[in-house]
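First to last, the protein sequences are chains R and W. For the first sequence, this note's numbering assigns the number 1 to the initial residue and increments by one for each residue that follows. For the second sequence, this note's numbering assigns the number 1 to the initial residue and increments by one for each residue that follows.
Don't read these hints as lab results, they were simulated from the structure. Don't take each hint at face value.
[Stated by the list, open to error] The calculated lysine-lysine pairs, modelled on DSBU-like cross-linking and capped at a C-alpha distance of 30 Å, are: (1) K197(W) with K173(W); (2) K156(W) with K113(R); (3) K156(W) with K117(R); (4) K304(W) with K197(W).
[Said to hold, decoys possible] If you want a taste of the chain R side facing chain W, the calculated C-beta under 7 Å gives, among others: (5) R5; (6) G225; (7) L246; (8) L249.
Ideal placement from N, C-alpha and C gives every residue a C-beta, glycine not left out.
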Amino acid sequence: MTTTRGIMSDVEWRTLGGRLIVALFFLILLLFSLSFLFPFFFAFTAGLKTSSEIVKPGLRLFPEIAHWENYAEAWRRYNMVGMFLNTFIVAIGGVAGRLFVSAMAAYSISRLKPFGKNVIMSLILLTLTIPGIAYLIPLYIVITDLPILHVNLVNTYLGLWLPYAGSAFVILVLKNSFDQIPQDYYDAAAVDGASPIRMFFTFTLPLSAPILLVLGLLAFVGMWGDFLLPYLVLRNSELQTVSVRLFALVRDFPMNLQMAGAFIALLPPLVAVLFLQRYMRGGLTF
Amino acid sequence: MVTTQSTSTPLAKVVKVPRWTYLWDQVIAYLFLLPALLIFAVFSWYPIAQTVIYSFQTVSLAKPPVWIGLHNYVRMFGDPLFYIAWRNVFDFTVLSLIFGFLVPILLSLMINEMRRLGQIFQVITYLPTLVPIAVALLVWRLIYAPEGGVLNSLLKLGGLPPQLWLQDPHIVKLAMIVIMTWLGAGGSVLIYLSALKEINPQIYEAAEIDGFTFWQRVLYITFPLLQSRMLIMLILQVIFVGQVFTEPFILTSGGPANSTMTPVLNIYRTAFERSDFGLASTWSVSLMVVLLSFSILYVWLSRKREANGDV
């Protein structure tokens with residue numbers, strides 16, 4: 001049961017004590033918000049300064065002269081367009097792969113109920129308990145030399161898309177979601193002669209569109225900011241994503257351009273928040 | 001002959017059909033599973049098994065692996081860095097208990113009281129979680145800069161001495177925990193907020209009528225009801241801190257004086273800088289054992305919570 005009231009009731013809200021508490025909370029939250037937002041503010045203003053101005057002692061919140069051209073230069077010199085494009089390709093391919101693979105697997109486990117599905121489900125859940133970092137080495141070796149096919153996936157986007165496609169979490173969430181679609185829908189469609197494949201595309205997917213969207217957005221944002229795997233797999237500077245590139249060029253760029261570049265790089269996920277916001281209304285339950 | 005079935009049977013049994021159709025449905029089921037099975041087999045199950053195997057071998061990219069039994073394990077347990085790294089994880093965990101754990105709880109309590117206005121604060125706390133970590137760390141590195149850093153300038157205004165945030169072994173962990181809290185608080189706040197909203201307001205009303213003050217209600221009603229979820233979040237926190245890599249890698253490279261060396265950072269070093277994949281796998285096995293234990297604890301606690309019907 002979700003409500004719009006907190007621990008205080010409406011009556012208490014109007015008393016002096018209640019108001020004091022709310023005012024106190026508001027103040028604390030305001031302070032926290034300011035500090036939470038500070039790094040963004042800092043990156044933005046640092047991008048407007050000259051490099052020497054940034055390291056000059058003394059608290060200077062604002063630049064002396066706003067060097068707006070720094071942003072243009074950072075955009076050009078970092079080849080932001082290229083970087084954003086790369087990151088976008090990595091993320092979109094990763095999301096598509098993950099949603100597709102997981103939806104099919106969840107459909108199979110939820111509806112088609114293959115023989116041995118409990119074993120398979122447990123094996124999938126096992127990967128939830130062991131984080132990817134723990135088996136990073138063989139994972140990397142596999143990427144350099146795919147078993148049976150003997151393909152080297154380093155410096156390819158597939159080398160990221162394929163590992164990204166496997167997400168036990170997404171399969172779990174989708175399975176729960178699919179379980180809640182009433183069996184009657186399927187029975188009705190079966191009477192009309194639809195095959196399981198047809199049913200998947202015609203109504204399982206459309207009915208699950210909201211959850212697919214949320215999972216897709218979350219995955220997109222996560223993959224956009226991912227560092228380690230792209231750092232290891234994409235060695236060619238022309239293919240690298242934003243995070244990797246910004247880090248690799250740390251010594252080659254003056255401080256103010258770095259901050260300008262960083263601020264620009266921070267923006268796309270923030271835009272994504274505007275979309276996610278609607279789904280965050282009631283909070284998420286896990 | 002049409003027979004209608006209950007909701008728990010496979011799709012195939014809506015009609016009475018010959019055996020081979022049932023087999024065909026199994027084939028379809030496995031076809032749908034196939035991409036996931038392939039991906040998991042190649043990128044998860046096989047690497048997990050290989051990690052354990054490699055830990056007993058000398059592995060390099062050029063030559064085939066050589067079995068050396070427990071030699072790697074002897075080296076790992078004999079390496080002082082092993083104990084330093086895990087001690088650091090312990091320190092990080094303790095520090096994160098205060099910041100990464102308590103802060104989101106307090107924040108969500110406050111946000112929950114703010115009613116409509118809380119929405120804005122919730123979004124603000126969530127913003128850092130979406131940011132590319134490596135980029136954010138580059139910004140933070142500058143904020144923490146010893147000379148012209150903003151933080152130190154603020155301290156100077158307040159008359160306090162400047163700190164060597166990332167260079168002083170005594171406070172570097174704290175500095176990192178602050179960043180990690182900044183990065184992760186939003187997600188926890190989201191989870192706690194949903195838990196808070198699930199608490200039946202009638203309990204609060206009854207308590208208020210009985211004369212409980214606001215703070216008493218928080219102490220005697222909210223926290224006990226949140227307890228099971230807090231415990232689970234705590235375990236998750238430990239699992240998360242155990243894997244910390246990006247922050248020490250980008251900010252301090254494990255220094256100063258190995259005070260931020262973590263197991264994962266060392267795995268990366270051993271494997272990709274010293275090309276000793278065997279030893280790196282041994283470290284990975286130790287990581288797996290620890291994290292797996294906590295993960296099992298997490299799953300067990302989750303099941304218990306669901307069974308009890310807690311918030």
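Going through the hints against the structure:
1. K197(W) with K173(W): Judged against 30 Å, a Cα distance of about 34 Å means the pair is violated.
2. K156(W) with K113(R): This hinted pair is violated, its Cα atoms lying about 66 Å apart.
3. K156(W) with K117(R): Status violated; Cα separation ~63 Å.
4. K304(W) with K197(W): Distance of about 21 Å is within 30 Å: holds.
5. R5: Constraint on R5(R) satisfied, holds at 6 Å.
6. G225: Cβ of G225(R) sits 3 Å from chain W, so the hint holds.
7. L246: 6 Å, holds
8. L249: 10 Å, violated
When the structure is compared with the earlier hints, violations turn up for hints 1, 2, 3, 8 and for no others.
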